[in-house]
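Asks: Here is how the chains run, residue by residue.
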Amino acid sequence: MTEFELPPIDYVAIAPILIIMGAAVLGVLVEAFVPRRLRHPVQLPLALLAVLAALTMVVVNADKRVITFGVIAIDGPTLFLQGAILVLSAVALLLVGERAIERGGAFVAQAAITADSPDDRRQAERAGGAGEVYPLVTFAVGGMLIFVSANDLLTMFIALEVFSLPLYLLCALARRRRLLSQEAAMKYFLLGAYASAFFLFGLALLYGFTAGMGDRQAGVDFSTIHAAVANSTQSRVLLFAGMALVAIGLLFKAAAAPFHVWTPDVYQGAPTPITGFMAACTKVAAFGALLRVFHVAFEGARWDFTPVLGAVAVLTMLVGAVLAVTQTDIKRLLAYSSIANAGYLLVGVLAPGPEGLSGTMFYLVAYGFTVLAAFAVVTLVRDADGEATHLSRWAGLGRRSPLYASLFTFILLAFAGIPLTSGFISKFAVFGPALSGGQVWLVIAGVLTSMVLAFPYLRVVVMMWLSEPGETTPTVTVPGGLTSAALAIGVIATLVLGVVPGPLLDLATGAADFVR
Amino acid sequence: MDEILTYAQAAPAETVSYATADGLLSNVWLLVAIPLVSAAVLLLLGRRADRWGHWLGVAAVGAAFLLGLASFLGLRGLENKSVQLSLWDFMVVGGLHVDFGLLFDPLAGVFVLLITGVGFLIHLYAVEYMAVDAGRRRFFAYFNLFIAAMLLLVLGNNYVMLYFGWEGVGLASYLLINFWYTRPAAATAGKKAFLMNRVGDAGLAIAIFIMFATLGTTQYDEVFNGVGALTGGTVLVLGLLLLLGAAGKSGQFPLQAWLPDAMEGPTPVSALIHAATMVTAGVYLIARSNIIFSANSTLQLVVVSVGALTLLLGAIIGCAKDDIKRVLAWSTVSQIGYMFLGVGLGGAAYALAIVHLLAHGFFKANMFLGAGSVMHAMKDQVDIRRFGGLSKYMKITWLTFGAGWVAIIGMFPFSGYFSKEPIIAAAFQREDWTAWLFGGAAVLGAALTAFYMTRLFVLTFHGPKRWTTDIEHPHESPPLMTVPLILLGIGSLGAGWLLATSVPDWLTATGGLAATETHHEAVLPHWAIVVLSLGVTVLGAVLGWFLFRNGTATAPQPAGVLVTAARKNLYTDAVNEAVFEKPGIFLTRALVYLDNRGIDGLVNGLAAGIGGGSGRLRRLQTGFVRSYATSILTGALLVMAAFLAVQAGWLA
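Chains as they are written, first to last, in UniProt numbering: chain B, 1 to 516; chain R, 1 to 652.
Do not rely on the hints blindly, as some may be mistaken.
The following residues of chain R were derived to be distant from chain B, with all beta-carbon distances above 12 Å [as the list claims (entries may be wrong)]:
no.	residue
1	A49
2	Y174
3	E472
4	V483
5	F546
6	A553
The following label-pair restraints were derived from C-beta to C-beta distances [as the list claims (entries may be wrong)]:
no.	chain 1	residue 1	chain 2	residue 2	range
7	B	V496	R	A574	55 to 65 Å
8	B	S436	R	W88	25 to 35 Å
9	B	A100	R	W55	50 to 60 Å
10	B	V478	R	T20	49 to 59 Å
11	B	G480	R	I206	53 to 63 Å
12	R	V575	B	V496	56 to 66 Å
13	B	A218	R	G615	43 to 53 Å
Among the chain B residues that face chain R by a calculated CB cut under 8 Å, a handful are [claimed, not checked]:
no.	residue
14	R236
15	L238
16	M243
17	I248
18	P258
19	W262
20	V308
21	G310
22	V312
23	V325
24	D329
25	V452
Read the hints as simulated data drawn from the structure, not as lab findings. Being a predicted model, the structure only gives us computed values, none of them experimental. Here a beta-carbon is modelled for each residue, glycine too, at the ideal position from N, C-alpha and C.
Sequences and hints are given; from them, build the entire structure.
Replies: The following block contains the structure:
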């Protein structure tokens, strides 16, 4: 019996993942052994420190280009996207950790109590929030870090599950409107599992496809798939069916039409800090994986997948933009906006060459900051029953609190892609390469839907500033330090990336090179 | 005629190049900055600056004058008398590179001295003139803003900078005409000036676009060196558009109507902006662009024609007006016509036009301030039929106004003689019959000028008193007003000779103005022209004296066709109304109809379509997991089918 030999592992290269996962385990232990009232003051710094340490390791690794253990690829896009996930999750953690706006924060104390029962109402008013959210968020972040660096489909699948399961749980933990929250979590879980099945089935088909290469062993790592696309003797039906199914699994996470249906319900039901976390970080992770799969594994079949994914992109933009027009809830509006943005990001994914890659990565970072700031404002507009998310309640907000209405107006203008905001630069960064890559139809669709999408944004702006405040117009709560910090970071990043995008664009361009 | 209409291309005699400014001259940007900062301070401090604000305004212009004088003297010692100072890149977009740069050369230098020198005196005068007005601080803020914009206009080293200054003076002019915005007439006049200037400004803007499109630059030196390479047609269009801009700002035909109405503003405004400086910006533009205008003889012919027509138009209408400021305003229109005539003739006449511009700045500012002084004494009345006999009551105003009078009619040996007579002589120096046409117009204009200015002078200061009953003892103005009058009066008498002997030589260092042209023989000997122009001047003045020495009726009298026409501005307003306003109104109505029915209908329909589609699509979002799963499955099947279709080659 031959001794099983472990492949060499570059521990420095995977240090960010190890740190985050370690911190998550530590968080579980804290939850078990630290007294209840100390948990929050311990957990939040622990999570933030872990993110900071992981980010430091990403910076240390900046010049590393290596595939370690055969399954983790550390290269430019990995490091850039890991850095993006860590920075954005730090901002999201600030929102998650906010306790000043509402006693105990946005999360329920004991999720097991029956929703809307008298006990539940009592705990909604008095009890502190669950501390489990920190390890759950940290686990999700760890899963995302693996997801964007996975070098084979199996690792990618495991990472997908690692970051999805905590998200399903987190969605159910809203302090207010718990039925809605639990319903959202249930839907997300069922549909997520459903989509995972597609992914897994596609994986199996691709494995079969790679078996036909004679001397080379079958496998689902990306270099094998890449080689198989070029010279496998197996039926190409296996390739295309497998590619389609894997793509569906990823497009589900990216919230592309027609796999977007979960998005509005989940975004609306989930606690707002978690919605922000999903909109920013899950987007980065999902598109990181899409970039890697389509730029590394399926590069050879570019001319075959571009029309299909292009059609998906156009449909996504259309659905997001058109449906956003009639939304009446701010969180659902932002959900549809996030769907439309997934369409624009797909345009960047389909743009050939490193320019499309770097443009997409820039877009992910810029959008992440803006959307986190947007949800930060949403957490502030409240009445006695929690957040007032119905749009009619936002009428006249500009009179009540000009500062926050101005900030939100700026954020909406950034979403609409007005110059001097990061929204303009990032649209430019994905449409430009697509145009020079010959994808004119995608750019035309993108510009037209952007115009449609500007309408719902501007409607909110008009409503905030030009309507008289009614009796039901909620007040804007004075935010605690953490939310203020998150809001400030988001808004400043949106402005800075709109005025001097050069450094980040250069960074993204320098990182736009996959290892195979 | 064939000869005139050929697109004669004359390559510039020399390339234009500017040295970099250093030493004292590197501070020319302060010329613009000082009045601008002062204006900002006055506007931002609000009422807190009411007590001392006017003195800050005066001091800012005084400082700018001293700095301008120092820079001017500094320029004299230089070899290449043109220095430019590039402050920063104003905009760099694609191939367009616009410098925020200043150019200080002889032409800019004399303008700086005129603007700050005359401007300083008028500021001083306005301290007293506006003393009882509650908005005096605001007035000085706008006045300083105007000085800053006008200096930017003449100091820019490219057409975009010029355009900035151009719009800046337009803004200041609009604000100041409107200064008493509660008076409907002032508000209407402000609007009229604004709109008519817009027509001219559009011409200038398009000209700048053409420069960028054909030459790729708007820097003066690069444009001038590149003009030779353009086709005749392009140069013609470019020049005509620049001329349109110049005509708008300078009140030349066909955009002259706003200038007389602009007299609704306070009198110092009329003196500074609508007589001495801003309205001469058009002359500056043509003189600055002389290389473009000299490159095409048709263009020059158009400029000369506009000048000749306007100088006659202004003079004829001036004869029929009874409002002291309007007479002066129409005389401004007419005198600027002379300047256009000069710049249109080209060659050496450019310098003559600039000399006339500077001399005119002195005597016209003097006369406007004199008119202000008269109005001050007569309770703000402006009707010369109700004046008369004022020479006994306001000696200083009478004497200084008299100095302006002899200067403007071009009587030897006063200012106007040295500046206007050479232009008349130059008008006769053409090869064909047009020499008689333009020379004749210039001589006729001189006669009319003598007549209407004499009429104005005599009706105001001499003859019987025809005052309204509420006036008892007219009094001379206080020293703060009379000192500027005296200084400007001295300038009116002596400046012409001084300028005519020094400025043409000085200006030869300006880009393009040194280019000498073959001298045509005049159709008349020079002494004959001198005798002729002096003769008609004396004739006009004597006629005016005899007709009006005994006063005039205090109410409008029935008059013949010509006088009625002149009273109605020679029907130019009616023509404007019929040719531009009526079709404009009709076009607007048609467009509004089209917009409401066609475009709005389309847009609203589209919006309704999207909204309806959105509402219908929304129903697909049922909230049931089963239907979500179905839609995902459907999507998955479609994507699979599409991939397989691609694989089978159906979509390729």
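Asks: Compare the structure with each hint and give your call.
Replies: These are the hints, each one checked on the structure:
Every CB of chain B lies more than 12 Å from the CB of A49 of chain R, the least distance being 29 Å, so the non-interface label holds. Taking the minimum C-beta to C-beta distance to chain B, about 30 Å, the non-interface status of Y174 of chain R holds against the 12 Å cut. A cut-off of 12 Å between C-beta atoms confirms that E472 of chain R is not in contact with chain B; the least separation is 59 Å. For V483 of chain R, the condition that its CB be more than 12 Å from all CB atoms of chain B holds, with the nearest at approximately 52 Å.
Every beta carbon of chain B lies more than 12 Å from that of F546 of chain R, the smallest distance being close to 70 Å; the non-interface claim holds. With 12 Å as the threshold on Cβ separation, the claim that A553 of chain R sits away from chain B holds: the shortest Cβ distance comes to roughly 60 Å. In this structure the hint that V496 of chain B and A574 of chain R lie 55 to 65 Å apart at CB holds, the actual value being about 59 Å. For S436 of chain B and W88 of chain R, the Cβ-Cβ distance of about 32 Å falls inside the hinted range of 25 to 35 Å, so the restraint holds.
The hinted range of 50 to 60 Å is satisfied by A100 of chain B and W55 of chain R, whose Cβ atoms lie roughly 55 Å apart. The hint said 49 to 59 Å for the Cβ distance between V478 of chain B and T20 of chain R, and at roughly 57 Å that hint holds. At about 57 Å, the CB distance of G480 of chain B to I206 of chain R agrees with the hint of 53 to 63 Å. For the pair V575 of chain R and V496 of chain B, the supplied restraint of 56 to 66 Å holds, since their beta-carbon distance comes to about 57 Å.
The hint said 43 to 53 Å for the Cβ distance between A218 of chain B and G615 of chain R, and at roughly 51 Å that hint holds. The restraint placing R236 of chain B at the interface with chain R holds, with a minimum CB-CB distance near 5 Å, inside the 8 Å limit. Taking 8 Å as the C-beta cut-off, the interface hint given for L238 of chain B is violated, the closest approach to chain R being about 10 Å. Contact between M243 of chain B and chain R, as hinted, is supported at the beta carbon level, the nearest pair being about 6 Å apart and thus within 8 Å.
Checking I248 of chain B against chain R: minimum C-beta separation of about 5 Å stays under 8 Å; hint holds. Given hint, P258 of chain B at the interface with chain R, holds; its Cβ is 3 Å from that chain's nearest Cβ, closer than 8 Å. This hint holds: W262 of chain B has a C-beta 6 Å from the nearest C-beta of chain R, less than the 8 Å allowed. At its closest, the beta carbon of V308 of chain B sits 4 Å from a beta carbon of chain R; the interface hint therefore holds under the 8 Å criterion.
Hint status for G310 of chain B relative to chain R: violated, with the closest Cβ pair at about 10 Å, above 8 Å. With 8 Å as the threshold, the beta carbon of V312 of chain B comes within range of chain R, its nearest partner Cβ sitting at about 7 Å, so the hint holds. About 4 Å separates the beta-carbon of V325 of chain B from the nearest beta-carbon of chain R, less than 8 Å, and the hint is met. Annotation: interface hint on D329 of chain B violated; nearest CB of chain R at approximately 12 Å, more than 8 Å.
Interface restraint check: V452 of chain B against chain R, minimum CB-CB distance 6 Å, threshold 8 Å, status holds.
The earlier numbered hints that this structure contradicts are 15, 21 and 24.
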